[in-house]
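Protein chains in written order, with the numbering used here: chain A, 5 to 286; chain B, 3 to 366.
Hints should not be assumed to be uniformly reliable.
Below 20 angstroms or equal to it, Euclidean Cα-Cα: the simulated SDA-like pairs (lysine to any residue) are [unchecked claim]: (1) B:K15 / A:R150; (2) B:K147 / B:R157; (3) B:K15 / B:I292; (4) B:K92 / B:L223; (5) B:K15 / A:E108; (6) B:K237 / B:E227; (7) A:K187 / A:R141; (8) B:K92 / B:G62; (9) B:K15 / A:N152.
The set of hints was computed from the structure by calculation and includes no laboratory data.
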Amino acid sequence: MEERNDGVVLRVEGLGKTFGHGSTAVRAVDGVDMEAREGEIVLIMGPSGSGKTTLLTMIGGLLRPDAGRVFIDGVELTALPHRELPAVRRERVGFVFQTFNLLEALTAAENVELPLNMAGVSGREARTRAVALLEERDMGHRLSFRPNQLSGGEKQRVSIARALANQPRLILADEPTANLDSKHGHDTLLHLRAVAKEQGRTVIIVSHDHRIREIADRVLWLEDGRFKDVSLLATDPVCGMQVEVDSARATIERDGRTYYFCSRGCSWEFQKDHASFAGASD
Amino acid sequence: MVPVARRNLLAEKGRLAISVAGVAFSVVLILVVLSLYRGWGGLGGIIEEIPADLWVVQQGTTDPFHSVSVLREDLAEELAGVEGVRGVSKAFSRTMSVEVDGKETPLRLMSLERPPDVLPGQAVFFPPPGRINIDAVFAEMQGLKEGDTVRLNERDLEVGDTFTGGNTVLAQFAFVDVEDARAIFGVPGTVHYLLVSVNDPKATESVRERIDASFPEADTLTGAEFLEAVRREIKEGFLPVVGMLVIIGFVIGVAVIGLTTYTATIEKSRDFGVMKAVGASGRFLYRIVIVQSVLVGLAGFAAGLGGTILVNQLVEEAVPEFVTELRWLDALGVFAAALVMAGLASFLPAARVDRIDPALVFRA
Chain A
5 MEERNDGVVL RVEGLGKTFG HGSTAVRAVD GVDMEAREGE IVLIMGPSGS GKTTLLTMIG
65 GLLRPDAGRV FIDGVELTAL PHRELPAVRR ERVGFVFQTF NLLEALTAAE NVELPLNMAG
125 VSGREARTRA VALLEERDMG HRLSFRPNQL SGGEKQRVSI ARALANQPRL ILADEPTANL
185 DSKHGHDTLL HLRAVAKEQG RTVIIVSHDH RIREIADRVL WLEDGRFKDV SLLATDPVCG
245 MQVEVDSARA TIERDGRTYY FCSRGCSWEF QKDHASFAGA SD
Chain B
3 MVPVARRNLL AEKGRLAISV AGVAFSVVLI LVVLSLYRGW GGLGGIIEEI PADLWVVQQG
63 TTDPFHSVSV LREDLAEELA GVEGVRGVSK AFSRTMSVEV DGKETPLRLM SLERPPDVLP
123 GQAVFFPPPG RINIDAVFAE MQGLKEGDTV RLNERDLEVG DTFTGGNTVL AQFAFVDVED
183 ARAIFGVPGT VHYLLVSVND PKATESVRER IDASFPEADT LTGAEFLEAV RREIKEGFLP
243 VVGMLVIIGF VIGVAVIGLT TYTATIEKSR DFGVMKAVGA SGRFLYRIVI VQSVLVGLAG
303 FAAGLGGTIL VNQLVEEAVP EFVTELRWLD ALGVFAAALV MAGLASFLPA ARVDRIDPAL
363 VFRA
């Protein structure tokens, strides 16, 4: 099924997924709704086990939801038969992974060329496009290098180039900075930002990394399989955890501000040396 | 196209080498057995060259090796009187033990009565008294050359000419003079075969019918029929073994290719998962698996073909009576079999690829 999208690249309606049965059943994603428009960067955050990756796999057509619908570029993914999903992933979605997931037996250029081959583009045209994508990411001098000869940051650049090979409108990135140091992490963020802002693609990022907030247009907080209003969350200034304002274990008023803590221990530490933590929850 | 299959195979060169060697082994096994079968099928060709339109044998004689034919010697005169018969030659033949350098070895000794008109090329069948013409394989096996002496039934014979086509694996042909044969065999008044030549080769069948009707104690066979009886014995004895070894070779080949491709697939499960995740269709992935199998099959076939030529050469040098004949049609058949092996061997890995969950790519 295809519908008009009016700039909306991704639309998710009432998406749900339960793993297991009976008393052992776990509701990983529970009635999630969201939209993302072209050129937009949406960051989905949340604690471990909150359902972020499950949500991402369902959006990417790698996992069938129990309930709800996913539309990518107007095409209802959840209504498509299984055999048609690879084509949607190939042409409409690009994936960027935490562990890069490059094929070790192939060179950087071949890793980017491969999705083009899958889409029926081969030979010189595929090679030219792959090389161009890598050169745009300053990887022209690493074309024939294998993944084990590349640094983490370089691998992630190859991974981004591969995700863009078939010019998808939606990029799904799972913890893209988790395996990178701060410099390469920042470098990856700039590349993802350019993908969204210069090329008009929609980028959905799932991450624990707060630095990504810098480039995100919107931040969604997923917990227990549901989105919570990010405005009702605060960052514990001591440990950096997201704390629900309504149910924080401790609060401290100081200099006209309220600080929220995940535990009493954090609040005690804050009281001992509040000067060093005071700016951390901004 | 990115050569994923080739790269996957080359990523583990040791395993690839073992796999190719395994397939090569099965190809060598199949081809060497077939070569021996073909080679043995052409054995004993000398019988066809013996100058005779019809072989008259004792009734019930199946072939010159596995049954004994004893005929009255005076039957020769009676046969000569049959309408259409031009001449009758007496022939003696028996497997004997011959002594060479003090060692006993079997020899298919044959002696033909010299007809009045010996054609060029037939002289080898009629050595003069005191000489023995031997098959080239026998000469090579025993290290004999012209002028050497062999001892047969307390009688020394000097080696004369050698000839080809007289090898039957278990024994080789040799020809001696009729009088020498009479002395060696020592059964007066009998012959083993009577070789009949006819006036008109087109009338051979009618002459045969007349002989069969007049002499119930004898059977008549053409040279080709006599030879076919020999070859049938060899083939029928050998064929089940050939069949079994070919099947074993085929099963080994399928197992080796299958195992290689399967382990390569398991090892690359994550890669297949990644390819699935980024949009590879089932057909795209199956093609990688099949190409991997086919590459192993083809490399194994090429190595096996080379190995077969080498093994055949070594076999002929080490065991001269083992004649091998590698036919290109057989090689083509084994090539097709290698492709079938590869195809069959792809099923299990392809099923494995089918089961790989692409969502595994999100697991760190």
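Results for each hint:
1. Note on K15 (chain B) and R150 (chain A): the hinted pairing holds, with a Cα-Cα distance of about 17 angstroms set against a maximum of 20 angstroms.
2. For a cut-off of 20 angstroms, the pair hint linking K147 (chain B) to R157 (chain B) stands: about 18 angstroms separates their Cα positions.
3. The hinted pair formed by K15 (chain B) and I292 (chain B) meets the criterion: a straight-line CA distance of about 18 angstroms does not exceed 20 angstroms.
4. Among the hinted pairs, K92 (chain B) with L223 (chain B) is consistent with the structure: their alpha-carbon atoms are about 15 angstroms apart, no more than 20 angstroms.
5. Proposed proximity of K15 (chain B) and E108 (chain A) is supported: the alpha carbons are some 15 angstroms apart, at most 20 angstroms.
6. Of the pairs offered as hints, the one joining K237 (chain B) and E227 (chain B) holds, with about 15 angstroms between alpha carbons and a cut-off of 20 angstroms not exceeded.
7. About 15 angstroms separates the Cα atoms of K187 (chain A) and R141 (chain A), which keeps this hinted pair within 20 angstroms; it holds.
8. With a CA separation close to 19 angstroms, the supplied pair K92 (chain B) and G62 (chain B) stays within the 20 angstroms bound.
9. Only pairs whose Cα atoms come within 20 angstroms are accepted, and K15 (chain B) paired with N152 (chain A) is accepted, the gap being roughly 17 angstroms.
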